[in-house]
Amino acid sequence: MTEPLLKIENLRIELALRSGQAPVIDDLSLELNAGETLSFVGESGCGKSMTALAIMGLLPEKVGSIASGRILFDGRDMAQMNDTELRAIRGNEISMIFQEPMTSLNPVYTVGEQIAEVLRRHKGMNKRDAWARAIELLDAVRIPNAKSRVSAYPHQMSGGQRQRVMIAIALACEPKILIADEPTTALDVTVQAQIFDLLRDLGRDTGTAVILITHDMGAVAEMADRMVVMYAGRKAEYGPVSPVINHPRHPYTKGLISCVPHLLAELTEERPDLTEVPGIVPALASFGTDACLFASRCDLADDKCRSQRPPEVAFGDQHSACWKADQI
Amino acid sequence: MSALLDVENLSIRFPIKRGWGKTSWLYAVDDVSFQVNRGETLSIVGESGSGKTTAALGVARLVPNSGGKVDLAGEDFLALEAEDLRKARAKVQVIFQDPYSSLNPRLRAEAIVREPMDSIGTLPVAERAGRVAELFEQVGLRPEQMKLFPHQFSGGQRQRIGIARALATNPELIICDEAVSALDVAVQAQILNLLRRLQRDLGLTYLFISHDLGVVQHMSDHIAVMYMGKIVEYADRLSLFNDPRHPYTKALLSAVPSVDQSRNVDRLLIPGDPPDPLNPPEGCRFASRCPFVEDACRVDQPQLNAVTDQHKVACIKA
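Just so you know, the sequences run in chain order C and X. Here numbering that gives the first Met the number 0 is used: position 138 in the first sequence is 137, and no number is missing along the way. Here numbering that gives the first Met the number 0 is used: position 24 in the second sequence is 23, and no number is missing along the way.
Honestly, I wouldn't trust all of these hints.
Below 25 angstroms or equal to it, Euclidean Cα-Cα: the simulated SDA-like pairs (lysine to any residue) are [stated by the list, open to error]: (1) C:LYS146 - X:LYS249; (2) C:LYS253 - X:SER153; (3) X:LYS16 - C:GLY158; (4) X:LYS249 - C:GLU269; (5) X:LYS90 - X:GLY202; (6) X:LYS249 - X:GLY271; (7) X:LYS249 - C:GLU268; (8) X:LYS16 - C:ASN91; (9) C:LYS253 - X:ASP259; (10) X:LYS249 - C:ASP298; (11) X:LYS16 - C:LYS146; (12) X:LYS249 - C:LEU266; (13) X:LYS146 - C:GLY278; (14) C:LYS323 - C:ALA300.
Take a look, some chain C residues computed to stay more than 10 angstroms from chain X by CB distance [said to hold, decoys possible]: (15) GLY19; (16) ALA33; (17) ILE65; (18) ARG120; (19) CYS172; (20) ARG203; (21) ARG270; (22) ASP272; (23) GLU275; (24) SER306; (25) ALA313; (26) PHE314.
Hints in this document: simulated from the structure, not taken from any laboratory. Note that the Cβ used here is the ideal one computed from N, Cα and C, for glycine as well.
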């Protein structure tokens with residue numbers, strides 16, 4: 000087997016709270032292979048975005064820090080790198096697109112200038128070449144009439160087009176990994192379908208691996224090869240998408256799937272109440288306790304769940320961190 | 000069944016200043032008609048900018064209308080003025096999208112829920128505190144939480160306060176404007192179940208605005224699909240989701256990714272964005288993005304015609 004592109008080993012990220020340090024990511028290990036799409040799912044506050052920021056070396060200064068563990072990219076440990084080394088990777092080999100395409104672009108520069116800036120800084124291109132390449136990139140992300148739109152300002156574009164520009168900027172240096180943090184949450188479904196289509200084609204054509212952070216199980220089912228379900232800073236379940244969605248082995252995964260009203264191939268008159276996952280994600284201060292953090296919301300929980308952190312159990316390629324995984 | 004709400008030819012337009020004293024008009028809602036039966040839910044769906052929220056707010060007279068008729072429980076709601084209007088407002092209440100910005104941060108939860116009773120309610124003053132307590136219980140909040148301020152609640156609990164406030168005047172119609180879009184999925188399920196339980200228990204009528212078709216599928220009895228200020232398709236739940244007729248509805252439905260992987264095949268992708276609403280095209284407004292367009296589509300605006308009793312489509316090819 001070839002080495003994975005990105006390997007995270009026992010990563011622990013701590014956030015400074017008034018009451019001390021809390022592990023916002025607690026003992027996270029995972030691998031990402033070239034060309035695959037890996038999805039992170041979970042509610043807000045479960046550590047999805049924090050993991051992405053850690054990979055990018057963008058943890059909030061003085062608040063968040065990597066306490067232990069390694070982030071191996073091409074065999075080098077990013078957790079030990081200084082700013083200069085990180086900057087050589089960030090944007091060049093790993094880049095990121097964000098949820099809100101309006102606030103991620105600079106309103107006083109044309110989109111062409113913003114794409115060209117990346118090329119000049121990272122690739123050392125001259126102004127003329129960078130501009131020409133910017134047009135090519137806009138064309139690649141399917142902005143109609145790229146030659147004239149390259150001089151447009153962000154406010155002259157729709158939300159979907161702005162997200163395409165963000166993708167063009169992220170892809171400018173042909174990164175090996177693209178991290179997409181809720182890339183379509185602010186967009187309409189028809190536009191979301193266009194963006195997903197684009198990401199899928201780009202992944203196929205360029206071999207870029209994609210980390211897709213989302214809360215939408217439908218999006219996961221459609222886009223990802225493998226998925227990681229995060230809960231309270233820990234991996235609740237991970238594995239290939241089909242088995243995890245069709246037969247989840249963690250009550251949280253099961254809850255996330257069944258609490259959403261899905262569109263099915265054929266609807267019927269039946270409309271039972273949605274399955275509720277009672278309560279909310281626990282407060283950050285209780286992260287890191289030696290217990291299953293989902294226990295307070297789980298109807299299967301017993302004393303063991305409340306007093307010992309469950310280890311990961313494997314079912315083929317599917318792994319679940321639940322004491323009762325074999326009963327689900 | 001009788002219609003509680005009967006909207007006829009409602010139009011809502013906004014002036015857009017073009018400089019040098021020129022003004023263009025943007026028709027956010029253009030000649031829209033629909034009915035909602037008592038105790039049922041009508042959802043209006045569409046992309047952002049389609050006019051769905053404006054239509055609902057126009058019904059509640061929260062934005063000025065520029066024509067049409069809204070009949071609410073036998074009363075001509077748009078014709079009401081001053082004191083009559085103030086009283087009638089008790090019949091229509093709104094649950095807003097953002098549970099963070101729609102609650103006054105300086106008021107305690109009980110004061111927020113009580114406010115509509117004080118301003119437009121008919122309940123005697125002495126009974127209002129008891130009614131607040133009753134509402135808290137109905138929406139699943141604990142009595143001791145009445146004294147707390149909004150920032151002390153989670154997003155889902157805040158939305159429960161918003162629901163309690165909307166119920167405070169015993170309204171007949173509740174407009175849910177993207178009422179669960181800002182919530183996490185697990186909390187969203189709790190709120191959706193609560194809304195359905197309240198509808199069953201209190202016989203409420205909902206006008207439900209949402210862009211999430213999964214949620215709409217779960218909540219609605221009838222659905223109106225809007226595109227650029229027009230209703231392009233109107234149908235009961237099963238007809239709309241199992242037998243969509245308008246190309247825009249088809250595209251909208253097929254764009255939703257689903258865990259049911261048999262649904263994710265044969266996607267009908269529509270290119271581009273809607274055209275400029277200040278210069279809507281002649282003929283069918285969807286023509287510029289429609290995969291089935293032909294010359295005749297660009298001539299006249301298609302009318303909303305019945306294909307079956309419960310199913311209307313505005314497309315010459317339907």
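### Query
In ascending order, which of the hints set out earlier in this document are inconsistent with the structure?
Violated hints: 1, 8, 10, 11, 21, 22, 23; rest satisfied.
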